[in-house]
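Chemist: Below, each chain spelled out in residue letters.
There are 2 protein chains.
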Amino acid sequence: MNAAGPFERIPPGSRFVDLPSPFEFKRGGALHGARVAYETWGELDAAGGNAVLILTGLSPNAHAASHDGDPEPGWWEAMLGPGKPIDSDRWFVICVNTLGSCKGSTGAASIDPATGAPYRLAFPDLSIEDCARAAHAVVRALGIEQLACVIGNSMGGMTALAYLHLHPGAARAHINVSGSAQALPFSIAIRSLQREAIRLDPHWNGGDYDDARYPENGMRIARKLGVVTYRSAMEWDGRFGRVRLDDDTGEDERFGMEFQVESYLEGHAKRFVRSFDPNCYLYLGRAMDWFDLAEYGGGDVMRGLASIRVERALAIGVETDILFPLQQQQQVADGLRAGGCDAEFLALPSPQGHDAFLVDIARFGPAIRGFLDALSH
Amino acid sequence: MNAAGPFERIPPGSRFVDLPSPFEFKRGGALHGARVAYETWGELDAAGGNAVLILTGLSPNAHAASHDGDPEPGWWEAMLGPGKPIDSDRWFVICVNTLGSCKGSTGAASIDPATGAPYRLAFPDLSIEDCARAAHAVVRALGIEQLACVIGNSMGGMTALAYLHLHPGAARAHINVSGSAQALPFSIAIRSLQREAIRLDPHWNGGDYDDARYPENGMRIARKLGVVTYRSAMEWDGRFGRVRLDDDTGEDERFGMEFQVESYLEGHAKRFVRSFDPNCYLYLGRAMDWFDLAEYGGGDVMRGLASIRVERALAIGVETDILFPLQQQQQVADGLRAGGCDAEFLALPSPQGHDAFLVDIARFGPAIRGFLDALSH
Chain A
3 MNAAGPFERI PPGSRFVDLP SPFEFKRGGA LHGARVAYET WGELDAAGGN
53 AVLILTGLSP NAHAASHDGD PEPGWWEAML GPGKPIDSDR WFVICVNTLG
103 SCKGSTGAAS IDPATGAPYR LAFPDLSIED CARAAHAVVR ALGIEQLACV
153 IGNSMGGMTA LAYLHLHPGA ARAHINVSGS AQALPFSIAI RSLQREAIRL
203 DPHWNGGDYD DARYPENGMR IARKLGVVTY RSAMEWDGRF GRVRLDDDTG
253 EDERFGMEFQ VESYLEGHAK RFVRSFDPNC YLYLGRAMDW FDLAEYGGGD
303 VMRGLASIRV ERALAIGVET DILFPLQQQQ QVADGLRAGG CDAEFLALPS
353 PQGHDAFLVD IARFGPAIRG FLDALSH
Chain B
3 MNAAGPFERI PPGSRFVDLP SPFEFKRGGA LHGARVAYET WGELDAAGGN
53 AVLILTGLSP NAHAASHDGD PEPGWWEAML GPGKPIDSDR WFVICVNTLG
103 SCKGSTGAAS IDPATGAPYR LAFPDLSIED CARAAHAVVR ALGIEQLACV
153 IGNSMGGMTA LAYLHLHPGA ARAHINVSGS AQALPFSIAI RSLQREAIRL
203 DPHWNGGDYD DARYPENGMR IARKLGVVTY RSAMEWDGRF GRVRLDDDTG
253 EDERFGMEFQ VESYLEGHAK RFVRSFDPNC YLYLGRAMDW FDLAEYGGGD
303 VMRGLASIRV ERALAIGVET DILFPLQQQQ QVADGLRAGG CDAEFLALPS
353 PQGHDAFLVD IARFGPAIRG FLDALSH
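Chains as they are written, first to last, in the numbering used here: chain A, 3 to 379; chain B, 3 to 379.
Keep in mind that the hints are not guaranteed to be accurate.
Note that the list lumps identical chains together, so a pair holds whenever it fits in one copy or between two copies.
When the alpha-carbon atoms are kept at most 20 Å apart in a straight line, the in silico SDA-like pairs for lysine to any residue are as follows [claimed, not checked]:
id : residue 1 : residue 2
1  : K272      : D212
2  : K272      : E255
3  : K28       : F257
4  : K28       : R256
Keep in mind that the hints were calculated from the coordinates and are not lab data.
Whenever a hint applies, use it, and build me the whole structure from the sequences.
Modeler: Structure below.
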């Protein structure tokens, strides 16, 4: 139905749900003819009670794991599938690409049907709450009245809390993975700096770039800064230490790369720069900065959390996370518990920082499996 | 003698010591007609035994505190002076502007006497060890045979260890303030990213910028990234929270500043961008990345530390420091102790991160005073 914009990167197994048109945004403005990309695993049972929704971090697409429609491994391949911690033999699992992304759902890189050209900065001001409402539209379109569980990772942890707040009774359980109920100043500073690096790149050009003039330098800095905050110093001490690059790397410019850690960042930047739309990056990062459940608790984030109605919850985090620090997951558990939820907080000793949930499946897998296994449906 | 380069910022109370000419660098190359800027407080006693040397972090000048030659407050005003923790009624205190800086000592922004133009990237590859040897030249020029104590903050903590290694017996005691014996990958990654932001700025132009075409954007990103790592998330949670800027800040560009923490970073960037030479920033940051006392311990940093001969030492750090984390000061104390030094490690609960020694005088002052008071001379 919709033609893809030049900077959209849509996985081949994507399916789509059309959003109501217009789809009004929390902060004003609306989308017309917008859509949300999703993928699914397993089968919905007759009672429709075994559905699990996964809400992602900033950059992942909806392809969390391989399936018949796309055999490529997904970004959470070890976590999701038959017999895996999120067991598709038992659960009907839906992963939604967030509204505002460039990976299938409508975002700043998508074609505006009113003009036939990408939205770019004409895209309305995106909030996490808009992402949550768009995800809910997918769930309803699939005929699901109530989710067994909504799982949110990182930014998706924010989206999941917004989902539960906006749609009381929409899920019986919630797993918040390295998420938070509000953005705090260190993470706001990091994301602000990432946006500034993109905006200062002359090729960003107020959002009007193309393949030939693309804000590659700004995206390089933004991505490297992201990776620095996604992992942990402790992990890097053991992984890279002070090991230098081989002489034959061809790097001979003044003040160029010398250490393995620099080459690691360079590899991440190269893979990311052209695979994620810069304008979408600006919109999604700012949506995170704006997110604050305290808005729904008279200025008190704990009251905002306590206003959420969900039966059971698990908030997981790791001690080495500097972007969504552990006390934020503790706060999620405490706040939900204050609202009557049977909420558990789990601190894992993973060295991999904020990204641990993507790589430390040995720790995160059993925790998530154990919580899901104990749910009835 | 030397004319200042256009990007040198030399405090009015500076005095100078000429370095031997040529002054050979560790990694090759040499300076001709180079000099080191310094300032002093108090009087050298008849035996010449009460001298204390302060070695600074990356950006400070030699004006650590006010004195008759320059009544302006210095960057460690609350720490140094008559009756203060570093008591100039008792100690003859010398603060040296590091070699490679743009604040009086010869660096990339200084005029190369061979060409009459700034060195820029013709400046030789600077190492921390070169900075230490230049500081030692000042001490010797002042007629001091042995320092009572060498104090090094941050990068200066590295320089102090190099000083002690290169000049056995040159000091009886050492205070290492938020320093380290080697650079680790997280801090290397941060400094590499700062250098990349500067190098990617088209106005950097291979080091050949002027007032009209100056790498302001690269320096903005580099400085903001620095400030993010100099403080701590904990401090910012309490200090800024999610407080927004007043509407009348005149900030109305898309994706511009909204939160107080962003304005705080902006203020730091504005003050810094034109006050520190970009090329000097590249040279000094890389010197820190290169620094590794393990070079003098057969590849083992503890053996490198144990090779240092000093009678007493204090290594201080704070738990919230992410750039020079606390375990690095613990390592300094442990390594010096293994070499026979009476070395103490002190962990302070300051919330201000790496910068705590500049602002948390209530904690750092008594620790430094107590250590100095107990020294004989």
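Chemist: Could you run down the list of hints and mark each one as holding or not?
Modeler: So, going through the hints one by one against the coordinates:
no.: 1; hint: K272 - D212; verdict: within (18 Å within a copy, 31 Å between copies)
no.: 2; hint: K272 - E255; verdict: within (18 Å within a copy, 29 Å between copies)
no.: 3; hint: K28 - F257; verdict: between (46 Å within a copy, 17 Å between copies)
no.: 4; hint: K28 - R256; verdict: between (48 Å within a copy, 18 Å between copies)
When each numbered hint is compared with the structure, no violation occurs for any of them.
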